[in-house]
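Could you build all of it, start to finish, from the sequences and the hints given here?
So the sequence lines, in the order shown, correspond to chains P and Y. According to the working numbering, the residues represented by the first sequence are 18 to 588, in order. According to the working numbering, the residues represented by the second sequence are 91 to 531, in order.
There may be inaccurate statements among the hints.
Said to hold, decoys possible - Straight line, CA to CA, 30 Å or less: simulated DSS-like cross-link-like pairs of lysine-lysine:
{"#": "1", "chain 1": "P", "residue 1": "Lys373", "chain 2": "P", "residue 2": "Lys312"}
{"#": "2", "chain 1": "Y", "residue 1": "Lys488", "chain 2": "Y", "residue 2": "Lys150"}
{"#": "3", "chain 1": "P", "residue 1": "Lys332", "chain 2": "Y", "residue 2": "Lys372"}
{"#": "4", "chain 1": "P", "residue 1": "Lys185", "chain 2": "P", "residue 2": "Lys563"}
{"#": "5", "chain 1": "Y", "residue 1": "Lys468", "chain 2": "Y", "residue 2": "Lys150"}
{"#": "6", "chain 1": "Y", "residue 1": "Lys359", "chain 2": "P", "residue 2": "Lys334"}
{"#": "7", "chain 1": "Y", "residue 1": "Lys150", "chain 2": "Y", "residue 2": "Lys165"}
{"#": "8", "chain 1": "Y", "residue 1": "Lys359", "chain 2": "P", "residue 2": "Lys150"}
{"#": "9", "chain 1": "Y", "residue 1": "Lys488", "chain 2": "Y", "residue 2": "Lys450"}
{"#": "10", "chain 1": "Y", "residue 1": "Lys488", "chain 2": "Y", "residue 2": "Lys514"}
{"#": "11", "chain 1": "Y", "residue 1": "Lys302", "chain 2": "P", "residue 2": "Lys157"}
{"#": "12", "chain 1": "Y", "residue 1": "Lys165", "chain 2": "Y", "residue 2": "Lys468"}
{"#": "13", "chain 1": "P", "residue 1": "Lys332", "chain 2": "Y", "residue 2": "Lys359"}
{"#": "14", "chain 1": "P", "residue 1": "Lys373", "chain 2": "P", "residue 2": "Lys355"}
{"#": "15", "chain 1": "P", "residue 1": "Lys312", "chain 2": "P", "residue 2": "Lys563"}
{"#": "16", "chain 1": "P", "residue 1": "Lys157", "chain 2": "P", "residue 2": "Lys185"}
{"#": "17", "chain 1": "Y", "residue 1": "Lys302", "chain 2": "P", "residue 2": "Lys150"}
{"#": "18", "chain 1": "Y", "residue 1": "Lys302", "chain 2": "P", "residue 2": "Lys185"}
{"#": "19", "chain 1": "P", "residue 1": "Lys312", "chain 2": "Y", "residue 2": "Lys468"}
{"#": "20", "chain 1": "Y", "residue 1": "Lys165", "chain 2": "Y", "residue 2": "Lys450"}
{"#": "21", "chain 1": "Y", "residue 1": "Lys372", "chain 2": "P", "residue 2": "Lys334"}
{"#": "22", "chain 1": "P", "residue 1": "Lys332", "chain 2": "P", "residue 2": "Lys373"}
{"#": "23", "chain 1": "P", "residue 1": "Lys563", "chain 2": "P", "residue 2": "Lys355"}
{"#": "24", "chain 1": "Y", "residue 1": "Lys353", "chain 2": "Y", "residue 2": "Lys450"}
{"#": "25", "chain 1": "P", "residue 1": "Lys185", "chain 2": "P", "residue 2": "Lys150"}
{"#": "26", "chain 1": "P", "residue 1": "Lys150", "chain 2": "Y", "residue 2": "Lys514"}
{"#": "27", "chain 1": "P", "residue 1": "Lys521", "chain 2": "P", "residue 2": "Lys355"}
Stated by the list, open to error - Now the in silico label distances, taken between C-beta atoms and shown as ranges:
{"#": "28", "chain 1": "Y", "residue 1": "Pro317", "chain 2": "P", "residue 2": "Gln169", "range": "55 to 63 Å"}
{"#": "29", "chain 1": "Y", "residue 1": "Lys372", "chain 2": "P", "residue 2": "Ala324", "range": "24 to 32 Å"}
{"#": "30", "chain 1": "Y", "residue 1": "Lys372", "chain 2": "P", "residue 2": "Glu173", "range": "48 to 56 Å"}
{"#": "31", "chain 1": "Y", "residue 1": "Thr439", "chain 2": "P", "residue 2": "Phe350", "range": "57 to 65 Å"}
{"#": "32", "chain 1": "Y", "residue 1": "Thr439", "chain 2": "P", "residue 2": "Arg387", "range": "55 to 63 Å"}
{"#": "33", "chain 1": "P", "residue 1": "Ser112", "chain 2": "Y", "residue 2": "Ala290", "range": "26 to 34 Å"}
{"#": "34", "chain 1": "Y", "residue 1": "Asp287", "chain 2": "P", "residue 2": "Val210", "range": "50 to 58 Å"}
Please keep in mind that the hints were generated in silico from the structure rather than gathered at the bench. The beta-carbon is built from N, C-alpha and C at its ideal position, and this holds for glycine as well.
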Amino acid sequence: MPRILSSTIHPAVDWWRSTRGAVVVACALAAAGCVGKVGEGHALPRDQVGGATPGGTTGGTGAACTNSGAPASPLRRLTHADYNNTVRDLLGDASNPADNFPDETVGEGFSNSAVALSVTPVLAEGYLDSAQKIAATAVKNLPALLQCDVAQAGEEACVRSFVERFGKRAFRRPVLPAEADRLVALFRSVRQVPTEFSASIETLLASMLQLPQFLYRMETGSPQAEPGRVPLTQYEIATRLSYLLWSTMPDDELFAAADSGQLATSAQIEQQARRLLASPRARAGVTSFYLEWLKLRGLAEASKDAAIYPEYSDKLKGAMAAETLAFVNNVLFESDGKLETLFTAPFTFVNGDLAKFYGLPGITGTELQRVVLDPSRGSGVITQGSLMAILASSTQSDPIARGKFVRQNLLCQSLPVPPNDIPLVQDPLPNTTTRQRFEQHRNSASCAACHELLDPVGFGFENFDGIGRYRTMDGALPVDNTGQITATRDMDGTFHGVPELARKLMDSTEAQECVTHSWFTYAYGRPPAEDDACTLEEAHQAFVAKGLDLRELPVALTRGDSFVYRRKELP
Amino acid sequence: VSLSLPRRRLLKWLGLSSAASLPVFRPGKLMAQAASTTPNRFFGFALFAGGTQQENFWPKTTATEVSLATTPLPKLLESFEPFKSKMLILRGLKHAANLKPLDSHSRGLSTVFTGISPLEPPATTLPIRQAGQGTSIDQHISGLIGTSNKFKSLEFGFQTNGDERVAWAGPLQGLPAQKDPYAMFDRIFANFAPPGDPAAAALFEQQRARNKSMLDFIAGELTGAAPLVGADDRVRLEAHLETIRGIERRLGAGAQAGAGCSKPEPGTKLAITPANGDQLYKLAMDLIVAAFACDLTRVVTFLSSRYTKYPWLGAGEHHEISHVGGSDTTGPWYTINRWQWDQIAYLYTKLAAIPAGDGKTLFDHTLTYFSTDNGNGKSHSIDDVPTMIVGDADGYLKTGRYLAFTGRTSNDALISVVNAFGSKVTTYGNPAFCHGALPLT
Numbered sequence: 018m019p020r021i022l023s024s025t026i027h028p029a030v031d032w033w034r035s036t037r038g039a040v041v042v043a044c045a046l047a048a049a050g051c052v053g054k055v056g057e058g059h060a061l062p063r064d065q066v067g068g069a070t071p072g073g074t075t076g077g078t079g080a081a082c083t084n085s086g087a088p089a090s091p092l093r094r095l096t097h098a099d100y101n102n103t104v105r106d107l108l109g110d111a112s113n114p115a116d117n118f119p120d121e122t123v124g125e126g127f128s129n130s131a132v133a134l135s136v137t138p139v140l141a142e143g144y145l146d147s148a149q150k151i152a153a154t155a156v157k158n159l160p161a162l163l164q165c166d167v168a169q170a171g172e173e174a175c176v177r178s179f180v181e182r183f184g185k186r187a188f189r190r191p192v193l194p195a196e197a198d199r200l201v202a203l204f205r206s207v208r209q210v211p212t213e214f215s216a217s218i219e220t221l222l223a224s225m226l227q228l229p230q231f232l233y234r235m236e237t238g239s240p241q242a243e244p245g246r247v248p249l250t251q252y253e254i255a256t257r258l259s260y261l262l263w264s265t266m267p268d269d270e271l272f273a274a275a276d277s278g279q280l281a282t283s284a285q286i287e288q289q290a291r292r293l294l295a296s297p298r299a300r301a302g303v304t305s306f307y308l309e310w311l312k313l314r315g316l317a318e319a320s321k322d323a324a325i326y327p328e329y330s331d332k333l334k335g336a337m338a339a340e341t342l343a344f345v346n347n348v349l350f351e352s353d354g355k356l357e358t359l360f361t362a363p364f365t366f367v368n369g370d371l372a373k374f375y376g377l378p379g380i381t382g383t384e385l386q387r388v389v390l391d392p393s394r395g396s397g398v399i400t401q402g403s404l405m406a407i408l409a410s411s412t413q414s415d416p417i418a419r420g421k422f423v424r425q426n427l428l429c430q431s432l433p434v435p436p437n438d439i440p441l442v443q444d445p446l447p448n449t450t451t452r453q454r455f456e457q458h459r460n461s462a463s464c465a466a467c468h469e470l471l472d473p474v475g476f477g478f479e480n481f482d483g484i485g486r487y488r489t490m491d492g493a494l495p496v497d498n499t500g501q502i503t504a505t506r507d508m509d510g511t512f513h514g515v516p517e518l519a520r521k522l523m524d525s526t527e528a529q530e531c532v533t534h535s536w537f538t539y540a541y542g543r544p545p546a547e548d549d550a551c552t553l554e555e556a557h558q559a560f561v562a563k564g565l566d567l568r569e570l571p572v573a574l575t576r577g578d579s580f581v582y583r584r585k586e587l588p
Numbered sequence: 091v092s093l094s095l096p097r098r099r100l101l102k103w104l105g106l107s108s109a110a111s112l113p114v115f116r117p118g119k120l121m122a123q124a125a126s127t128t129p130n131r132f133f134g135f136a137l138f139a140g141g142t143q144q145e146n147f148w149p150k151t152t153a154t155e156v157s158l159a160t161t162p163l164p165k166l167l168e169s170f171e172p173f174k175s176k177m178l179i180l181r182g183l184k185h186a187a188n189l190k191p192l193d194s195h196s197r198g199l200s201t202v203f204t205g206i207s208p209l210e211p212p213a214t215t216l217p218i219r220q221a222g223q224g225t226s227i228d229q230h231i232s233g234l235i236g237t238s239n240k241f242k243s244l245e246f247g248f249q250t251n252g253d254e255r256v257a258w259a260g261p262l263q264g265l266p267a268q269k270d271p272y273a274m275f276d277r278i279f280a281n282f283a284p285p286g287d288p289a290a291a292a293l294f295e296q297q298r299a300r301n302k303s304m305l306d307f308i309a310g311e312l313t314g315a316a317p318l319v320g321a322d323d324r325v326r327l328e329a330h331l332e333t334i335r336g337i338e339r340r341l342g343a344g345a346q347a348g349a350g351c352s353k354p355e356p357g358t359k360l361a362i363t364p365a366n367g368d369q370l371y372k373l374a375m376d377l378i379v380a381a382f383a384c385d386l387t388r389v390v391t392f393l394s395s396r397y398t399k400y401p402w403l404g405a406g407e408h409h410e411i412s413h414v415g416g417s418d419t420t421g422p423w424y425t426i427n428r429w430q431w432d433q434i435a436y437l438y439t440k441l442a443a444i445p446a447g448d449g450k451t452l453f454d455h456t457l458t459y460f461s462t463d464n465g466n467g468k469s470h471s472i473d474d475v476p477t478m479i480v481g482d483a484d485g486y487l488k489t490g491r492y493l494a495f496t497g498r499t500s501n502d503a504l505i506s507v508v509n510a511f512g513s514k515v516t517t518y519g520n521p522a523f524c525h526g527a528l529p530l531t
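Here it is, written out as structure tokens:
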């Protein structure tokens, strides 16, 4: 049994199957009445796991894991970021039209979750409006758009060549002959209304930008099906690569590789993945994973009581966001890319305002500068003002939110849904610490069952106040930064302060596997299922083999069968 | 595992055509369009999270029924004095469909107007706020009275987050609330040709003709793509197709002349921030009035977010304040709720000033259903949820009363509301929590 699949502590639920619905924590705590749904529909017998070969390797490249899985491939709509980048690369339109679409933020998980990306009436209107604007701009230079001499070749011939050439890039695969016929017929019917030639092209183009072939990543697969599954086409693989790493359509080189069948082996795919990852364009696609996984997009919504935190201005928030972005980019693209660095690095990037806020001397100006932190205080992204302010209420630090973050985001444990935000604790009082006030609600047995999981973890963060400043006093009383974590596979115990917790996390197999699990969920737009066992296992082994180098994960996740096959759906 | 059987089954509900496979929880068969008399406007108002201040929402009485003509209005609703003869303040209703004695706001969002609690893990991998599995009453009502209008419904929000949805077109089809009144203005009044302006009408007609080919083509391609994807994805493509048909319908529909119909002037654009909240709220109310007056829609929902902050009142976040609670009429809990109710009174005042052409006003034609996620925000109780109906549906409802119930649920109130629009359902949402319409007629 491959190492990851042997879960010694919670045998009922293998880690990779612990989707947000599975209940790793609940297994340990069901008896306490915390949650009632233990493993429903998830705790499949181990022998049903496809391809989980007994006696598998540890730390190798996963040769023993021969996958016969038939991975799900839900239809993925372009995210708003994908849409912006795609129209930019397709037509040079850098107006970011999706910024006007309705917000698709999700409360938990990732905003690119395939099943959540539907088209609501307001979004359909957004697509219409955007397509019309983009098309109106594009036809202003009709010769450049058509690349065809209408006077010489004739209108329909030019339209057909446009449909085929532009359509291939818009649909991210060659246009089918029947599709081309339909598009030309659309042009003809609009032209006959009558409409000016240019306006007819405009309508044709606006239509193409609203087609399912453009808005969704349709994956029909190759004709040569295998039992239960079909291989993806070269173009579908190219599209997966470019949206995974660049959040946009394939570039010319990827199209060329697909044209010539050069995405046929995992080595070829990996080579392209590494090429994309090395490009500056990868920053947007890859960084957004970290911003979502670590909840950092929540900063915009994190507002504070100005009477308690007068320092917390929009300007400061902006600097905090910039700090985190700079740090994540530095770790991934300029430093060693290691999980250890992300979680525990004693350095960050601050400008004058932020330095003053953190109490760091000698930094002035608006530019971010690298500063070294006291390693007993600062610990990578986890202690940054942004995250600490997000994981706090408007009036005080929030040990519950912090404990929940560690469980859900860093350990991939699923907590029972409600009551997810009760009871609220009293506002700050002069003669009590936050810790004391939060401990009160655990006097209630019904609350305690779940909050025993959360609060003691969060108490370890008490050195950071509600806006992320380091403190040793909570009001008039000294901070007790003792934390305790239970119900984990390999990191139970007490700790003092965030740096110690971060090191425990970094060394924890459970937390390391959570990184892989989260990356998979983001990369595939869905949580892993049993058919993904080998892909996940191999990716994780590669991550571990490279010394927990985070940069390895998006590449490694393109290597398995889950990347190149889709389930053969019943009609 | 990722697509469990219950979810597959639920998604099938979206088809809505096959009478043979009607799901158990689906609202009853829609009746023929209601008569053209009142009511013909629906306003759904949801105040999140933590409800409103109970102590000053109920009239001071221990009776199970009192007339609002003789009993003073509760303090929070004082501004409703001119409208009290049309009010039904309902006490003792329980959000039973939420299933748990203490409940989360997340679950409440998709339950208050649907009467059925959302899917939860492991049946879904979606966050709970996106996993609503019912059709909300506004959408049900819109099927009865709103299908020929430019907008089947409009979803307004106040300081809402992207994932807060109180209106549900069907299972997993939450309709996002728009918190930006300027974006809403652009949407509602795009291509708006005021009655009696031939130049604008001609422009409108040109655009319509051009867009029709395009939309027909997109609809055809969506239809053609459906067989290429799995069953669950097909449901999403079909929902997408329905939005395209909605746009087509909209292009065909013009505004109808009404005495009070005019395109509002939103004025200098304000930033969408809590600091401007009082003005943004008022703008939203003005837009609702204009949309009703111009008959651009018959159905509106308004969701005040759990995250609503009230800097112009010197108060913090609605949800956090709800947990502190308090029964006084001086603290923030009263102040923010009183302010909310005053805004609704402002909306009613404006609607009551617009003649509907039949001797009545738009207010007379409007029926409001108000609810919230919790009875008591401090304890998260789902008992005794502050509930109110405003509007008598042309005498169908005997209004001007406060009624206290025992053993009844908010599902029963949903039944009463949709029946006021000509529906004849006996259950709404999860039938396990339905006891039939409340005795309000």
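The hints, checked one at a time:
1. P:Lys373 / P:Lys312: Judged against 30 Å, a Cα distance of about 25 Å means the pair holds.
2. Y:Lys488 / Y:Lys150: It holds: about 21 Å lies between the C-alpha atoms, which stays within 30 Å.
3. P:Lys332 / Y:Lys372: holds, 28 Å
4. P:Lys185 / P:Lys563: violated, 38 Å
5. Y:Lys468 / Y:Lys150: holds, 21 Å
6. Y:Lys359 / P:Lys334: holds, 24 Å
7. Y:Lys150 / Y:Lys165: Distance of about 10 Å is within 30 Å: holds.
8. Y:Lys359 / P:Lys150: Distance ~22 Å between lysine 359 of chain Y and lysine 150 of chain P Cα, so the pair holds.
9. Y:Lys488 / Y:Lys450: holds, 18 Å
10. Y:Lys488 / Y:Lys514: holds, 18 Å
11. Y:Lys302 / P:Lys157: Holds. Lysine 302 of chain Y to lysine 157 of chain P sits at ~23 Å (cutoff 30 Å).
12. Y:Lys165 / Y:Lys468: holds, 20 Å
13. P:Lys332 / Y:Lys359: holds, 22 Å
14. P:Lys373 / P:Lys355: holds, 29 Å
15. P:Lys312 / P:Lys563: holds, 26 Å
16. P:Lys157 / P:Lys185: Given pair lysine 157 of chain P, lysine 185 of chain P holds - Cα atoms ~22 Å apart, limit 30 Å.
17. Y:Lys302 / P:Lys150: Holds, because 17 Å separates the two Cα atoms, which is no more than 30 Å.
18. Y:Lys302 / P:Lys185: Status holds; Cα separation ~25 Å.
19. P:Lys312 / Y:Lys468: The hint holds at about 27 Å.
20. Y:Lys165 / Y:Lys450: Holds: lysine 165 of chain Y and lysine 450 of chain Y sit about 28 Å apart, inside 30 Å.
21. Y:Lys372 / P:Lys334: With Cα atoms ~29 Å apart, lysine 372 of chain Y and lysine 334 of chain P stay inside 30 Å; holds.
22. P:Lys332 / P:Lys373: Holds, at roughly 13 Å.
23. P:Lys563 / P:Lys355: holds, 9 Å
24. Y:Lys353 / Y:Lys450: At roughly 22 Å apart (the allowed maximum being 30 Å), lysine 450 of chain Y and lysine 353 of chain Y satisfy the hint.
25. P:Lys185 / P:Lys150: holds, 21 Å
26. P:Lys150 / Y:Lys514: Violated: lysine 150 of chain P and lysine 514 of chain Y sit about 45 Å apart, past 30 Å.
27. P:Lys521 / P:Lys355: holds, 15 Å
28. Y:Pro317 / P:Gln169: 55 to 63 Å: violated, 40 Å
29. Y:Lys372 / P:Ala324: 24 to 32 Å: Hint holds: Cβ distance 26 Å, inside 24 to 32 Å.
30. Y:Lys372 / P:Glu173: 48 to 56 Å: Roughly 55 Å apart at Cβ, these two residues keep to the hinted range, so it holds.
31. Y:Thr439 / P:Phe350: 57 to 65 Å: This hint holds: roughly 58 Å between Cβ atoms.
32. Y:Thr439 / P:Arg387: 55 to 63 Å: holds, 59 Å
33. P:Ser112 / Y:Ala290: 26 to 34 Å: Holds, at about 27 Å.
34. Y:Asp287 / P:Val210: 50 to 58 Å: violated, 23 Å
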